[in-house]
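Peer 1: Reconstruct the complex from the two isolated chains, following the hints.
Listed here are the chains, written in short residue letters.
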Amino acid sequence: MNLLEINTLSLRIGSKEILKDVSFHLAPGEILAVTGESGSGKSMTAFSVMQLLPEAAEVTGSICLEGRDLLQQSEEAMCDLRGSSIGMVFQEPMTALNPVKTIGAQVMETILIHKAMPPEQAEDHARELLARVGLPPERFPLSRFPHELSGGQRQRVVIAMAIALRPKLLIADEPTTALDVTTQAQILELLQDLVQEYDMGLLIITHDLAVVAELADHIVVMRHGEVVETGSTQGLLRDMQHPYTRMLFAASKHQVTLPAPQSPSPLLEVRGAIRDYPLPRTSLFAKPQSFRAVRNVSLTLNRGERLGLVGESGCGKSTLTRAILGLEPLQGGEILLDGAPLAAIRNPEQRRKMQVVFQDPVGSFNPRHRVDRLITEPFYALPNAPKGGAREDLIAETLRAVGLGPEDAHKYIHQFSGGQRQRIAIARALITRPELIIFDEAVSALDVSVRARILDLLVELCEAYGLTYLFISHDLSVVRTVTDRCLVMQKGEIVEQGNTKEIFDDPQHPYTQQLIQAAPVLPDLDQGAA
Amino acid sequence: MLRYTLKRSLSLALSLAVASLVIFFVIEVAPGDPASFMLGINAEPDTVAALRTELGLDQSKGERYFAWVQGMLQGDFGMSYTYRTPVAGMIADRMWVSLPLALYALTLSTLIAFPAGIYAAARRGKSGDMAVMGATQLGVAVPNFWFAMILVLIFAINLRWFNAGGFAGWESGLGPALHSLTLPAIALALPQAAILTRVMRSALLDILGEDFMRTARAKGLTRRQALWRHGLRNAMIPVLTIIGLQFSFLLAGAIIIEQVFFLPGLGRLVFQAISSRDLIVVESVVMLLVFAVILVNFLVDLAYALVDPRLRSRT
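Order-wise, the sequence lines are chains V and C. The numbers in this note's numbering rise by one with no breaks, and the one at position 443 of the first sequence is 443. The numbers in this note's numbering rise by one with no breaks, and the one at position 2 of the second sequence is 2.
Only chain C is shown next, with the shape it has when bound in the complex (with noise of 0.2 Å):
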């Protein structure tokens, strides 16, 4: 297991090393000089290189490349062309918001996926079964979006349960915070519910056929005890990959419903820093999402190798 897991730790440093060069590189040839576009079409020559001088752009790609990787493993991501701001402190402030908000997402449509497949797979072809898929197929089709007016429309403009949009704020407590996000979360979670119910469903329905789970009723174990004993963690590799993939998304993804909700997300951010051309935000942003990413990833990995003994000792 230690082996495995220093391996799968130098290969998410090496995923590092290349995702940075790649988003310094393909961000550096993006057209739009950032110096000319703040000062406006009307600047001068001089001025434009002024500012180039102090933002540092005008020293090899090379050596911003290594100041950019330096000041980012020193936590410091340099300053935001627009604001003017350390984009560190900008980037945390939208983290506070979007990392609650996906891991809210996240447990709750594992929540509602975990029974929901177990049920439907033990219930295949049944009318339970039928209901459980035909509420799936429906959660796929309808855009997040959509869900989200839907459940503006009930839970705050007729019940007044909670706030059509906005974030309360860490500061005014935990309770206040999340109700605010609570909204914003069903709406992200519902379809992602939807897509990881359907892979529990066909993962257990995998296993079910498996020969080992006919030796466990052989054994005298009940359909139910068959399930949960064997079939359960068999089935939990596909189902972590599509968890980790829909962590990804639901942390980067969410740049609508924040729209919606009037939320300071990271996705509001980097919308913003794209449009504005501010560069160095749109980099340590997204190198701040691959990273979360492969950092979701290696974590499936390891948890691949917790619930499979077989991967534990290939490696």
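If we strip away everything but chain V, and leave its shape as in the complex, we get (with noise of 0.2 Å):
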């Protein structure tokens, strides 16, 4: 008998509908992988098993866990079936653990809450199962709070909770895409292990197809609340059927091809920076500490070159662009764009050659502005920016020039997708005309379909414009396909540079070395295209 059977599964909020005819299984000892874009509902499918959705919510169809039939479950009874039948770890480990309770007292929780053992004993089995996920009681006893705990070790927190009772269904939501590559594979890794020992099922919502591929016994293709596609994993990387599939796959592999650096001239140079921040006393009259984020960085980025930077967080990445930007002061060393030195505060030139696109692009616009103020923002650094007629044909041109259109301007930025948004960032950091663009994990938030166009747009930009990049990016098959040259930081420094090509094919330090065998990798495609 299948431990969980999902039949004609549909879900309307108000009067949106969710979920459409979902249909799938899952039996005891597998992994079953529902992977789709962002608002294909493949979340909303594990919180409708957990009965965990929200209130004006309606569901028809069948969940039927072990023959019972969860929609028919009362609520009391779902509480008990929650937790010790079900186990759910979730996306965010930071934000998944109550910060004002111990790891223990969160752990032993599950196991209280279901009377499953008397409180001393539940306190023995909370040991060891932290121990089981990695977390040994002599460096993580059971009085730590999360705030003291990483973001990988809060993951594993939460995995421990999740099979306290052993549940017979694990579902995990996203587990891995808040952490680092090297984390992300420990943690499959454990998810993996505990299935075997457990004959747990495993039902992983992801969007990341490398870690389907990896992982999954068993793939769910959804999109827009659908099932477009299932089947056993090696039978559905191999004979793809859905366009949609197929699309997805090719996207997730998506390389551009780059036009050829211009001849060598620096026009970004760092040299010997240093970022210190200063630590809380220890005591009064101690002399303060400080945190060598970014120790003794040097680097050359050319005219035309695409620059990667890749490392894990606090690594001192997103501290060293900080300091291109002028964000943040530096406490050693100088950086020069166009061989001059780069004042505490910016020239309007020099603001006018350098500009940034963030990673998160809703955070980063002001929701009350329309888009012709958005993207026109970096003119109040210029003393002389266009007006009138001359700043309306920059928009539009601007506009068009990342794929939007001139009658976008007036617009308000909730009235756009992820991936348009993104193109607005774009624009804003495009219409100065600038000569260099920094991109701070820039396609890290958005799908992978998405993602592949923004990557063509950028190779179209840096052609039409002989722009320069420094693309920051945790994300290594990105780095991979649009920079020329990559640098890696570890700990605040640069342990490898070099050609891109040459330091992903044939990495020399043990970290990047490390780094790459951590990224889960799609296989080959090709060879079941026909």
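Keep in mind the hints are simulated off the structure, nothing from the lab. Ideal placement from N, C-alpha and C gives every residue a C-beta, glycine not left out. No incorrect hints appear here.
Computed beta-carbon distance windows for the label pairs:
#	chain 1	residue 1	chain 2	residue 2	range
1	C	Ser60	V	Pro278	38 to 48 Å
2	C	Glu171	V	Glu76	53 to 63 Å
3	C	Tyr119	V	Met1	40 to 50 Å
4	C	Ser60	V	Phe291	44 to 54 Å
5	V	His147	C	Leu2	16 to 26 Å
Once the Cα atoms are required to be at most 30 Å apart in a straight line, the calculated DSS-like pairs of lysine-lysine come out as:
#	chain 1	residue 1	chain 2	residue 2
6	V	Lys501	V	Lys491
7	C	Lys7	V	Lys101
8	V	Lys16	C	Lys126
9	V	Lys287	V	Lys491
10	V	Lys387	V	Lys411
11	V	Lys101	V	Lys168
12	V	Lys168	V	Lys20
13	V	Lys287	C	Lys7
14	V	Lys115	V	Lys101
Peer 2: Right, here's the structure in full:
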């Protein structure tokens, strides 16, 4: 018998149809990945199984766990099942734990709420569980608070809570999306081991097809609330039936062809940059300590070059970026643009030459301004910004350059999709006709198909405007295709640099090797085309 | 936690020192000489001068400041210019009315606001929530002296359960004293409860949307369990802030209520002292209130750290 059987599941919230006739099943000990782009309904499918839906939700169809239809259960019966028969792991480990309770109390709560064992025994069990997920009690006593742990460690605590009562079904909603590649690899391995050890069924929701391909036994591809294709991982990868599935995989592997770089002449030079953050005093009279986030970093970015900067969170890449942008002071070293050192307060010409695109296209726009005002914001820094007709023309031209239309100038940001918003962010960077654009995780939050189109746009723009890019990302596959040269940063230092292709094909530094090793890779799909 | 407490204590002491300086010099520059005010406009200049010497007003500002601070540290607040009695005694008498009244009102407002706020948050958007929110709207809008008059009308004049005003005094026993403070405390508490209910509700609603509440539900907690075990403590930070502010307000801001109920409280004392240029009383009461406010903030800071472990380790 199947562990989980979902039949013709449909979900409406108000007048909005979220899921349409979703059907799939999962056997014990099996890993099923539900994948698709944002808005495909994959997370809502998971929450339907948990019956943790918004109050206005109307559900039809059936979700059977070992033959028992969850949709027919009372809320009370569901509370008994949640945590004991079904465990769940969430996307955001940083916020998934209660900040004011110890990790021990939170793991024990799963056990105690189901009255599975007396408190003393539950405490021992919690210790064992934390040890099982890789948090040994010597280093991670039950009295630790979540804020004392890293993201990966917190995710391990969440997993310990979810598996505390050996549920038959474990649901993981984007469990590694917020984590670094090396941490991601460890967490995925842990999940895989637990599935085998406990003979659980694992329903994993992820947008990352490389993770899907490496981990899952079966795949369900969803789009707009419908299942477009299902099958065993091997079979589906070999023989994709639905055009959407093919498009998804193709977009994930999307490669761009960069125009040849110009002859090397330095545009941006960083020499011996040092950035210290003061730490709180350890005692009243002690000298304040500091944390060195960027340690003596030097780099040169040549005109027309696309330079990648990779590394895990906390390696100092964002700090370095902020220092280059003049958003943070340096405690040592200097930064030169076009041979001239950058002053603490950039002059207008330096501001014009250097622009930035951030990760979050929603958070980086004022929702109450229209697009024309948003993208002309850099003009405030310029002494002779175009006005009147010239300004209108420039707005229209820039919007067209990023694939939007002049009519979009009068809309508000909420009227656009995620990909369009990122185009607007690029337009804002482009409007001063800069020489250098810094992309700080600029495509990380985008769906694969959107990301593929934005990458194409970046190539077009760098051809059309002779741009130089500094591309900061934790996503190695993107850096690999969109940069000529690449720097690898670890603990505030650049540990390896060189031609992107050479670094990826033959990494020299152990850290680079580890990074590339940990990153999941999509298998070659061409073999299945026939 | 010890470091945190020490740090907060240090900032408490510094705030008090700065506050005493500000109060002293601001009141000093205020126009009006207490000596000539006390003796009337027809007084002889040498009589005024003699009184100034007696009151210590002819000393330099610095000397008087230090004398004032030193006195206060020893519990000697000086003599009232108008009443010629020790200020400490006057304040102590009034304090025994104002402090219990403030605590009484704060207890009532908390007792009303916590259940009402939790109830409204748990039933967000439903009729119960709407009713609570409507009532709080009214509570915020209606001034407390109007409540006071309505309470007097109903409970003192019609039902005759309470006296319309006056304070029985603590010497008559705890029961009668509290009895005479009940109507003023309710009048003070209602508007405060309305504000606190709204803060409690919105703080809880913020928390209900947090990821860890969903985690709690996924573990098998019912909505109610999740709210009580995970929601409430996290919602306490904004609530504690408001409670601290309200206490400070209740201590000194009850002038009108004291007037309506003929209560001999601090508010009335300050009011009278200001109108009669009794600077030493004004200074002392203001200093005392500042001390109370800073102390309450200190306690709120400590309470934050008890509620939120992140604050304990950060500083």
